[in-house]
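*Asks:* Full structure from sequences and hints, please.
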Amino acid sequence: MSEEVKTKIRIRPPAALGKVQEEISAPRRSIISWIAVGWLAFVAAAGGFFTMILRFFFPNVLFEPVQTFRAGFPDDYTIGEVDLRWKEKFGVWMVRNDDGIYALSTVCTHLGCTPNWQPSGQKFKCPCHGSGFRITGIHFEGPAPRPLERYKITLADNGEIIVDKTQKYQEEKGQWNDPEAFLKV
Amino acid sequence: MEGFKSLINYISNPTILFTAILVGFPFVFPPNDWFYNVNKKLKIDKLWTKKGLFVMVAVTIVFFVFGLGDSDFRSIVLKPDNVPISGLIILLIFFTWLSMSQAYENDKLMDEGKPVDEYYEAPNDKVLVWPDLVYVELISLVLFSAFMLIWSIGLPAPIEQPANPSESPNPAKAPWYFLGLQEMLVYYDPWYAGVVLPSLIIVGLMAIPYIDRDPNGSGFYSYKNRKLSASIYLFGWLVLWNVLIVIGTFLRGPNWGFFGPFEYWDSHRLEALTNVNLSELFYVKWLAMGLPSNILLREAPGLIIMFIILGVLPVLLAKTLLKKFYDELGYSRYAIFVSLMILGVLLPVKMYLRWFFNLKYVISMPEYFFNF
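In the order they appear, the protein sequences are chains A and B. Using our numbering, read the first sequence as starting at 1 and increasing by one per residue. Using our numbering, read the second sequence as starting at 1 and increasing by one per residue.
Simulated from the structure, these hints should not be mistaken for laboratory data. On a predicted model such as this, the values are computed, not experimentally measured, just so you know. From the three backbone atoms N, C-alpha and C, an ideal C-beta is built for every residue, glycine too. Treat the hints loosely; a few may be bogus.
Chain A stretches covered by chain B per the calculated footprint, using a threshold of three residues with CB under 8 Å from any CB of chain B [as the list claims (entries may be wrong)]: (1) 58 to 70; (2) 117 to 127; (3) 139 to 152.
Just a sample of chain A residues kept apart from chain B, beta carbon distances all over 10 Å, derived [claimed, not checked]: (4) 37; (5) 43; (6) 76; (7) 114.
Estimated spans, in silico, between C-beta atoms of each pair [what the hints assert, rightly or not]: (8) 177/A to 285/B: 25 to 35 Å; (9) 321/B to 43/A: 56 to 66 Å; (10) 75/A to 74/B: 45 to 55 Å; (11) 36/A to 205/B: 37 to 47 Å; (12) 57/A to 141/B: 31 to 41 Å; (13) 141/B to 41/A: 22 to 32 Å; (14) 57/A to 138/B: 32 to 42 Å; (15) 210/B to 57/A: 37 to 47 Å; (16) 64/A to 21/B: 26 to 36 Å; (17) 132/B to 41/A: 53 to 63 Å; (18) 144/B to 41/A: 32 to 42 Å.
*Replies:* The following block contains the structure:
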């Protein structure tokens, strides 16, 4: 920048300030009403904008996957194995032990990632913070503060298993002893 | 070569790496006169000379270049998300060096009775923002935008498979700037590591000018005048934030396990990490009885320990070790200062308890979503 321009810029602010002060001192009233119009326009625009945002919270179509599903017959499940067939679609692990079947939620109780079943270690291991759960859903590794949740599991009249995800059972509340948290086979 | 790699893998184990950093830190960034004198005597302050910068950057670059020969290291470092982090390590070294060398330079100038480097004879006590500062900002803005544009075209963000709630990537990593938080989340409950701690970091940073009102050395870089403040700040920034980011980026692999930089990320590797809560340790292991059913009784050991740490310890410190601070700061500022310090120190303490004793939570009340 040349020396000339630099001086100009440095002189400008006080001069410009003086000009504004002159303008203000003369027709003050008209300026105030213009400010009012400006603020009104601003409030209207902002109000419209926030109304649109509010509208956004009430979508026309709500995607809600089915919460209750038929999970086949008890004989479809092998004793001592974690069944992954409903993991992708419904987020449920079906586990059958010697006494019966239970439906485990695939949501880690730490921060909600989906753990992976490790057959070699017989545990569910979460990839986000390293929480580990036993096949029963009991937490024993990493930061997860409570066991995996179980879903309501019952038999239909035709002998098919029905898993109801709207009803969940938490071990730390002693709900796993509830007859509907575990399907005796 | 293989021996060197396995040595690096071995010392990358967090227990060794973190301990080495904790022990070395006060010698590099001395918090008091004793460490300051040792720092001078051992000539560690030579790090803040031009030669020191050259050595630090050269060692880092040589390590990375050497490491790229290893396929496991290469797959981590050349991942598009991680390239900037490698660059940021060098930037971090540079900017730490810049402020420290400036600070030591000023210390020397002050010893000689000269004005500090930042000293500026301002006419009318004013410094012009326009045009000087604004021009620098404008130029930086243009250059930086151009750099970001070229970078984002040249090294596009990796597109992975479509989001699927039933399949979390393994390992699932936060953006690099949140990896420190993610590392904290391994040791603490979400409400604490995800909500309270980040808020405390922000509140603590905001509280600095109210706690440290010492005008000595303010307005310019200097170390000698404010050893403790600078050391505490750098500890929080470098160790409790940046080291955790580096650990999260380079040393955390599948299932969020620890892997050395030259170790294959085996997602089937099994680790036995059976964690126990303090209540279980206390009642089941030490007293050989069952857990009491009363929650308060069950968690009494943890609650008492936390009460001692947060309620009794500050008072004791005010009477003994930190008496000077208590007299200087007054009641409320001392309380804020010491609480922030204790909660900050508890983070590495908890990390060690987890690494060595598999301790999960000191207080564990999952019934009320309260764990600590």
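*Asks:* Enumerate the violated hints, using their earlier numbering and listing them in ascending order.
*Replies:* Numbers 1, 7, 16 and 17 - these are the hints that the structure violates, sorted from lowest upward.
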